[in-house]
Every structure is written in C-alpha cells, then in structure tokens.
Amino acid sequence: MNQWTTEDSIVAQHSNTQASAMSVNALGDLVVLGSRRHLTLIELKEPQKVVRRVHLTNKWDISHLFWNPSVAHNNFILTTYNQWADVWRFDEGMEKCVAQLKGHTRAISDADWSAVNPNLCATCSLDTYIYIWDSRDLKRHKFAISTVSGSGQVKWNKINANYLSTAHDGNIRVWDIRNVKTAMHYITAHLSKINYLDWDPNHEHTLASASQDSTIKLWNTSETPRKAELQMTFKHPVWKLSYTPFGSGLVSVELANFRETPLTLWNVNEPDQPVHSFVGHNDVILGYHIAKSKSDTNWKLVTWCKDQTLQINNLDQNLLYACGMSKDSIDHVPEDEEVYNLMHDVTTDEKEPAEPIHPVSNVIQSSNSSVESNVSLVSGSYKSVSHEYPDGFMDNTPSESYQFNKSLTISSPATSMHSLEQEFKLLNVSLPNLRLDEVDLSQRTCSVSLRTPVFYAWIKISFPPTYPHNEPPMFLFSKNNLSGDAIAKLKLTLQETAQHHVRNNRSCLEPCLRQLTTQFSDISYHSEDDKMSEAFDPPTFSFANVLRNHQFYAMPNNIPFPRTSGARFCSVGYLVIFLRPAHVRGFQSVNEKTPRSFSSLTTHRNSTPSVFPMYRSNSSVLNQISTSQFSTSPNQPPDLSVRTFYYKQKRPSRKMKNFSHLPYYAKDQEISSSLTNYETKPQQYAGHVVINDLTRVMPVSRQLAEQYLIPSKKDFVEACLHNKKNATKEEMDDLVELWSCVSLLPKPEGNRPVHDNSGPFACSPMGKTFLNKLIQHYCVQYDVQTLAMLACTFASSLPAASQPQSGDMKTVTDMKRSASYDTFRITERNAKEKGETGKIQLLYKSLLARSPPGHSYMENARSTASSPTEQRPLLLEPKPKRPIGKKPDYRNIGMLSAEQQKRFDAFKNSYSDILLRWKLNVKKAEIQKFSTNSGRKQSTLEFKATCQSCGESCKSTCRKKKNIYATCSICQLPVKSLLVFCNECMHGGHRDHMIGWFKNEKMCPTSCGCNCGQMFDR
Amino acid sequence: MVSVINTVDTAHGDMIHDAQMDYYGLHLATCSSDRTVKIFEVKNGTQRLLSTLQGHEGPVWQVAWAHPKYDRLLASCSYDRKVFIWREMDGQWAKVYEYTDHESSVNSVCWAPHELGLMLVCGSSDGGISVLKHKGDNQWEASKINNAHTVGCNAVSWAPAVAPGSLIEPPSAMQQANFTKKFVSGGCDNLIKIWCEKDGHWEEEAKLESHTDWVRDVAWAPSIGLPRSKIASCSQDGRVIIWTCDETTGSKFLPKVLHKFDDVVWHVSWSITGDILAVSGGNNKISLWKEGVNGEWTRISDVGKGQTTNGTSE
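Sequence order for the protein chains is U and W.
Everything in the first sequence is counted per full-length UniProt numbering, starting at 1 for the first residue and increasing by one.
Everything in the second sequence is counted per full-length UniProt numbering, starting at 1 for the first residue and increasing by one.
Since the hints were derived computationally from the structure, they do not count as laboratory data.
A quick note: this is a predicted structure, and the numbers were derived from the prediction, not measured.
Where is the CB? At the ideal position from N, CA and C, for every residue including glycine.
Misleading hints may appear alongside valid ones.
Stated by the list, open to error - Reference excerpt, derived from the structure (chain U facing chain W, CB under 10 Å, subset only):
1) N692
2) D783
3) R903
4) G1013
What the hints assert, rightly or not - One-sided excerpt, in silico: chain U residues whose CB lies under 10 Å from chain W:
5) S462
6) P465
7) I577
8) K593
9) F598
10) K773
11) F904
12) N909
13) S977
Unchecked claim - Cross-link-like lysine-lysine pairs, in silico, DSS-like; alpha carbons within 27 Å at most:
14) K95/W x K976/U
15) K260/W x K139/U
16) K260/W x K593/U
17) K593/U x K256/W
18) K95/W x K593/U
19) K976/U x K135/W
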C-alpha cells in the first residue's frame, strides 16, 4: 500500500479564513472556501494567494459550498447556511448573489448541482422536504419532494438528469423527478445513519453509500435493490465518499480519532485492497476534491483541513491505473474533456432558449416523454403541466423535450436501434392488466399480455427498421379469447394511435399500450356488466380516453388536499358541521401544517415503512388479476384516501387497505374479501355530521315571521300592536320599541298630500327622515326581516305613474306583469287576454285623461282598495318638476323614498326567500304582494314563456320544452298537481294554497288588483 | 346560542368532504372519499337514509343542491374528473347527467341563483371552469373557461342575482330586467377572479390579489338589498379575507383580513343574511364570525369536536 508522501504536496496555510467548506470549480483552476464572513477564491496554481474575497453578512457558518460542476455554468456557486442557501454568480471581476433560496424550515443538510442539467440544483433538509431549484428562476423552488423523515443527503445522478437519491437515516430513496410523488426505489441500506451518497459517474444505476455503521455499500438501482452489490467494511464510521472522475476509483474518508482521518482511494473493481491511503493531514478533512485543469497533466487531490490548510497533491499516474483507468484514456484526456465540455454546450444550447419555467423541457432530457411523466412533473408553482399533452396532441405547444430527443436521435449513429432501445428502457408500464412479457431488441419485437378476470390476450408488436419515422409498428394478436369484433376494434385503435404518433416521427409504444389497456378494460367492463347488450362505445380516439384509466392514478400536485372538516350554512339558520372524529389525532403534530396538495399524501404514505410492505404482501386476488408489473415498478398507484393521512399512526396498516389501485371491476371482489375489516367499523373514518340551529344568532326569527302581520290601513294600529306583542314574547326589545313607534305614525292613507299646502306628513321630521334612520339602523344589523316589514308597512299606496305614454298594449301588460311575481298565463288564452288588456288600457287612459297627474292615484282606487299596490312608475317621460307646495310631487309623498324602491324590493325579495325556505308560503305571498318586481326577470314569471327546467326567457318559440308547468302564485313552485286559477287575471296555483289564501283574502295574491275571491266563492 | 338539532351518523366508509342541506333544510347530502353521496331526510332530530348515490370513481369533493323550483336536483363533483347531476323522481335518485370534460379533479360545484335559470359552475384542477346551462330536456350546454386559474381552480361561488345597476338608483321603466351573471373563483395561482357573462362569453371582470398561497374557498355573500357586495376567501396561507365592494364609492373590491389561522383554512360559508361567516380548516375547528355595527368582525363562537361552546370572542 502506498502512503502519502508529503514532499509532492503543496500546502498553503490560510489561517484567517476560518472556512468550513470548500469546493473546486469545473475547470479545476479555482478553489472557493466559505466561512461565516467570507467567500475566498484561490487559484490552484498559486494556492498561497487569495484571488478574491467576498464579504458576507451571514449570521451562520457556511455549511456547504458547491461549484456548479458543468463547464458552461462554472460561474455559479451554491452556498448553504442554516436553513437558507444562496446562489452566487462569479463573473469576470464581478460577483453577485443571484438569489437566496428560501423554503426550508430547518437547516439544510445537503445540496447538489445536477451534473447533467446544470440548471438544476437540489437542497435537502431535516424539515422533510427536498427542493429542486432551477437556476434560471430561483424565486421559488421548482418542485418539492416531501418525505416523512428528513433527509441528510441529496445527490443527482451523474448520467441521467431525472434521477436523484436521498438518504434518510439508514434508508436511501431514489427518485425520478418526473414523478416526485413516490420514490422510485426505497432501499433499506444501512443499520445506522448514512453519511454520504454518491452516484457512479460511469454507470447510470450505481450508487454508493457511506454510513455510520462503518460500511460503504454499492447499489444497483436499475431495479429496487434488495442487497448491496458490494459491501466494504471499515474500522470507523465512514464520513464521506466520492467517486473519482477517472477510472472506477472511490475515495473514502473515515471518521477516526482526532488527527487521524485517513483518506483512502479504492478501486471498486478490486475492493479487497485499498489502492492508496493518504495520510499526513494534521486535522479533520473538511472537504476534498479531485480536479484537473486544462493546463495540468496530472489529476490533483485538493483537501481542506480544519487546521485551515489547503493541500494540493498530484495524483501519480500509477494511482490512476490502479483505479482502473486505461492508458489510452489517460493519453486522451484532453480530448475527453473537450467532449465533455461539448456535451455541456450542447445541453445548454438546447436548453437556453427554453423558458425557465418550462419544467418539462428542463427535466425530461431524452425521452419519449410519457404522458405520465409529464403529468407527474407538476409542481405547485408552475404552470399546470399536468395538462400538457404528450407531443402532438396539442398543436400549439411543440414539446421541447421532443425536439431534444430528435436531435439526439439523429446525431446518434445507430439511430433506430438506439431509439428503440431507449424507448423500451424508458417505457413506464405500470398499466392495469398489462404485462410486458418479452423484449427482443435484435428482432425488434416485444410481446405484451393483457389479462382481466374475463378476457386475456397476447399481443406481439414488431417494429419495422425505420420506426418511428412514419412507420407504425405491427400488432399481432396471438392467443386470446376475445370476439373478432373486439379484436378489430382494439386493432383499429392501436393503429390509429400508432399512426398518429409516427406521422411525426415519434415513438408510440407507450401511448399504444395505454390505449390498449383502456380499451381492454372497457370491453371487460361492458361484457361483465351487461352481457346481453353487445354494444359498447366504439373506440373513439380521444386524449381524454387515453388518460382516463391510468392518469387517474397519476396524482398531479395541483389537486388540493381534501377537506376533512367543514361548516356550511344551509337553508335559513342551519349550520351543518362535519369534523374529523374526535379520536383522530391526525398525522400532524402541533407544528406541522396540513399539506397543501393531495399528492403530498402519497409521499407521506409511501414513505412510512409500516405501510409500505403492505403492497408486497398483496392478496392473491390482487396478484391474479391486477397487473404483474413490468420490472419491479415503483409506481404503485397512490392511495387515494385522505384517511391514511390521519389514521396511519393510529391504525395498523391492514385496516387501511385501499382498493383504489385495483381496476374497478376487481374492486368489488377485493372489497368483499376483506369486508369484515372494511365495514365493521365504518364510522371510524367518517365523523358525524352535526346540524346546528343558529337562528338565535341570526337577525331573523321564525317565530316572528309566523306571527307578524303587515299593517294595512284597515287595522294599522292593531297590527302594529300585534307585532309589538309578539316581539315582547320573543324578547326582542328593540323591536318592541320599533312597533310601538310605528303604531303612532300615520297610516299609509293618512299620508296624502294635505290641501292646505303644508306638505305631506312624510316631509315632517317624524316622517321620511325618521324612517330612513330606522332603515339605516336595521341595515347595519342585517335585519332583513324588520327591513322588509317596514318596507311593506310603508309601501306607498300611490299609483304607478303619471300616465302611460305609448298606446301600445304592451305597456299595460307590462305593468300587470310587473305587478305579479308569480303570474302565469295560459297560451290559448293569450288572445283573449290581449283583447282584455286592450280594453283595460282604454279605460285606464280615459281615466287618466280626466284626472290631473298628481291625483291619479285616487282614481286607481280599485287596485289599492285592500292592498297598496306597486308603485312602479312607468315614467317613460318624466313630468317636469313642479315646485313643492303648489302641487306636491307625488314621489315624495310616500314615507319611503321612491328612489330607493329597488332596494326595498330587494329586502322584500330576500325576506320572501327566507319565508319560503321556512315553508311559510302564505306569509311569503303577503310580502310578495308589495313587491314591485322592478328588476325581477319577468320572463320567468310567465307561464307561457317559462321553461321550468332552464328558466330561460325563451318566448313561445322554444319547442323543446316538455316540462312546462304553471307556477303557483303562493309558493312559487311549479304546479304539478291540481291547478286552480282565476279566469280573469289568470293567476293561480296549487289548489290547497289557493283555497288557503282565499279563506281570508278577497284579492289576488299577486296584487294584480283582480278580485279573484269572488270567482273562487262562486 | 348554538343548539344542536341533529347528529347524523352517515356511516360513510371514509372521510367526509362536504355536507349540505337543501333549500328547506329537510334533506342532507354528504359526500365522502368512499366515492358515494348519501342523502338523508332529517326531521325532528332523527334521520333516515334515503339513498346512497354510487357512480363516482374517486373521492367526491363537493355536493350542491339546486333550487327546488327545478325539482330535487343535486350536483356532485369528484376526483374522477366528473360532475354528476342527480335527480329525484318518485323517491328514487338517479343520475341524469354526467359531465366529463375536465381533465383533472373537479373540486367545486355551485348552482347559479335560481333567477338565472338552471345553471351550474364547476372548477377543476385542470385550471378550467365550466358553466353548464340546462337547455331543457336534460340537454346541457357547457361553456368552458380554459386556464381560468393556472395550476388549478379550487373553488367557485355565484354572485347573488341582483339586477344590473345600483340598488340605490331610482327605478326606471327602461330598465332591462336581465340579471348579470357573475361568479367568483379561487385557485392555485393565489388569485381570486370574478367572471361576468357578456354577450354569451365569460370574461374576467376583476382579479383580486392578496393571498400568498393557494386559495381554497371563496364565497359570495347573499344579498339582502344593501348596496355592497362581499366575498369571503380563505387560503392555504391561513388567512381569511373579506372583500367588500361598496357601490356608492366605487366598484373595486377591497380586502380586509378577518383573521390569520395557524393552519390552512378550507371553507368559508355565509349565513343567509350575510352577516355571519363560518370558517373551518385543517385544525378541525369551526369558528363563527359576525360583522358588528361598526363593520368590525368578532368571533362569536367556536364549534369543535361536534360539541358546541357558547363563548364569545376570544
């Protein structure tokens, strides 16, 4: 074993830096040291000299320091301190803190730049979140991975930009950032805490972990590893490890005694013996880096020790060979590096034009980007990517990822072979009922089998050599028990889908398979459901269809976390409350907030070991019918139920069995098989729904509503006193006072203009002003009941207008219509009706002609006899104003200002609605009588013009309507039973309601002025 | 002050996500993660399960009753991207319409005020909002606002039917008696948007910006005839905001933070008179807020764990 020799090392003392972290840039010529106060730049050529020192104002020590590993972005530095991270940009002579990455709530435990996609960096913390940031848009993290336990390490795969590994105590999780909801692999790696992770730069799926349990383990993550590929045992806990940039070397740092921190170089292919052990450090090694600049011939090991010394050691050629580096590659290193640089340039060229907020393009590098991967990328802060269609589905957004893929494909020599292989590799087949049985790359075929409880089918797919360039694959149905019809349909669908994709030179295997499973389930479903009717929907090609089955399980991040408690005001005073049952403690502790999105549930769920194995020990039913998935697919469909969030700690996992991941036809079986568990204690999940009565808090009272009388001129005082009595009964003191006041006010008809020119009573301080004050007061109280009562009590008994101007019959019809909230007319009678209104109008006109406008209300006594009618002024042409005193302006005579009529109507309507909800129909009609309906949609009130279903104002032209019913004038609901109406005014309604009304009343309930009572008496 | 009149054991197999009573307060509809909607008759402290509506393939997020003048109609929306409309005929509930044009979970449904006709608005996580209009004969016409909220729409609520023009204007005979159709929506872009129908198209009328995280619920207060509109909104950021638009002073909605809770707030619901607001959220507690005479809001009661407490403000 070789030993470190101090003579070939350069040692530079930087005792004043107090740096806690070190990093070397991608070009291998600059070192940056980070302390609480400074960032110190040192050139490796002259390690004694400080090139630049940037002053920091941090309160915290820099815990990590990372230079962006790509050459193109080598001016970016990421520093972390406590729970924050900064991104710095070091340009020629200028350094700038580009952004502070905020979001973590506890100290950042690790961070890493992606070597493949230099724009991405990841940070992790013990706060259980892993954030991925895009250096082009650092305002917010691009997406977040949420886990249950905090992570101590995060490392990007060095070959595939999509993979990321994190360490959680002794466990490792491997993520595909296209699907951050669930970890791709979950490795129970070490017995104690993992101190360090690193990806093999040469092998996409090799991951090394160093742990406190004094071992280093190497994992093959192409499938979920059960056992380490290699285990190296040390005497001391392993503190750090990293792959060498050359050969297959591995550098490890043990956590030994003070001043004894051996840095050991290994060749992973010969793990029995260390290649080299570097000793000679006087203190703990805080950081080390193997670097090589263009001008150098040798690789250098740069170490930073706690004693504030920077050591640079040239690595001997022999060491490189020992690490498995071939001589050739050593000779051609410069070229290699050029290639490397080039690669990065290509990458950046490809990416730079992309919008920084387009996550798909950044993330999916070389992909036949599957629907699912697109979907799963959604992050809260970004444009809804979940609905980004796969290439070509949406014409206006050509996917960048695809373009990138294409250029790759074309430039690569073994084009089609390569792309097919790639396609197979990237195929994400976690589809229901589907199994990928065989892949033969040389023959360019693959076979899949589909199986549901009823049907099965084997399909062989062969890819022509030019695929996917406008050449669809062939689908051959070998063994199956499907009907010929069904096969034809499936084939058609497949061909359509394939054609659609290859037309644009895009690969189509995955979309085809998805389409296939969807169709297949449909067939099974239909034949199961109604075997008698053969008909099932013809296979229509639609994207929604493709998505229907599988995307169902892909849970985008943008679906909000379900509400599990709530309160709704319903009807008048009811408050319907549902809460989580009291025994639910909830997953969350006091400090933890409820997550924002539903998808975080999956993360929570799957990350708990106690729940996870449930899938492994699946029931036989599940194994039989559900998909035996392609490889060990990590993409188990998420559990859809929110209860797991609240119950997981409380309940053993068995009880949480969820069936959502089963195909729906299988669900029933599954559920019935474990019915005992599922149904014996159903209430444990659902809390009770409690209906509270809040009318005591409300400004309206049902008791009063039942008892209230509207004072009319006949029994004005009596009614007021009656109301007062009831208010006393209900202990509404203010209302008691109100009604005694009101009883003292003059009756509505006493409100006429007085002929001695003293003006009406309304103009006195006790008149309008007083009433307005009252109304204002009750407005603030939201007492719509009192407001409506006041509005009715003082509804002016004035006639509508000066005079109708136009001779058009419509005017009068309008007026009639407006008067009635619930008018209905019967079409056949329309002609007669028109004739009548014509007559009425003539009469009306002649009356008006005889009387001065100001007094026209008196003539209209017929309609005001028992009820103050509406005073909707049909002021088509307002009369010139007259000076008050001479001829009082009729509009000011009323106690309520006419200007606010609409508002009073709104009170009445609002109160009517409340009465109706209380089913106080008669009371409601009484109130509604006073409503002038100004602004109410009239067409809804006319029988002939109203469709009960849509309420549209379709005149008689609407032919489709079948559900045409008359509307009851009392309760306002459609009359489906016995209908009673007045021949004169055509108002009417439910028989019972009308009889009830005319027991005490003579006039029409709509206040149209018709004396319907007589008719009914007859 | 608050009295429990009924406690309904729904026997849902999973957590409940919404519970609403019909217009008269006689029927209760609940929906749950067990993919069903249940309808109960609630009378005199007892309840009777009338029907269990099955058909959704995912958790059902919300239910909504239509005005009784359109018969007994119930709309439900679910994670399975579908909106169902159920109807009772002779005591039997049946699905009469299925709307499947959303590409992600449908989070909210709301019926329009009955004056506007039979109309339903749905907000979905695909960012879109659909307005379904009944055209008679169980034909529904959908108009979709695509990308109403980037990332996703979480809640929708109709404005009360108020005739155009101010309530304090003098009435005029020329007045067109058409109601303006308006609703408010909240989404994952932290925004609240007000939509107005103009010439058959839905246009964004206003954008209310104040929340710092996803808006989880919006509720337009019922109008009793006062010349102002109020919208309550709540968000993941824990804040409940009351937006008030006074017709006399202008048409802008001004925000006022009612309270900042420690956890997410999921629901806001107005009483029928628009003076009491019920707030509920992730902390499993319900609080009631009442607007006082001075315009200040005070917490009048906390309701929690199915128990009621008669306390006045904190």
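Quick rundown of the hints versus the structure:
1. N692: holds (5 Å)
2. D783: Constraint on D783/U satisfied, holds at 8 Å.
3. R903: holds (5 Å)
4. G1013: The hint is violated - G1013/U has no Cβ within 10 Å of chain W, the shortest such distance being about 26 Å.
5. S462: violated (33 Å)
6. P465: The hint is violated - P465/U has no Cβ within 10 Å of chain W, the shortest such distance being about 36 Å.
7. I577: The hint holds - I577/U has a Cβ within 10 Å of chain W, the shortest such distance being about 6 Å.
8. K593: Holds, about 5 Å.
9. F598: holds (8 Å)
10. K773: Hint violated; K773/U Cβ to chain W Cβ min 14 Å, cut 10 Å.
11. F904: holds (7 Å)
12. N909: Holds - the Cβ of N909/U comes within 10 Å of chain W, reaching about 8 Å at its closest.
13. S977: This interface hint is violated because 14 Å lies over the 10 Å limit.
14. K95/W x K976/U: Holds, at roughly 22 Å.
15. K260/W x K139/U: The given pair, whose Cα atoms are some 24 Å apart, holds under the 27 Å limit.
16. K260/W x K593/U: holds (14 Å)
17. K593/U x K256/W: At roughly 24 Å apart (the allowed maximum being 27 Å), K256/W and K593/U satisfy the hint.
18. K95/W x K593/U: Between K95/W and K593/U the Cα gap is close to 38 Å, so the pair fails against 27 Å, i.e. violated.
19. K976/U x K135/W: Given that 27 Å is the threshold and the Cα spacing comes to 20 Å, the pair holds.
In this structure, the hints that do not hold are numbers 4, 5, 6, 10, 13 and 18, in rising order.
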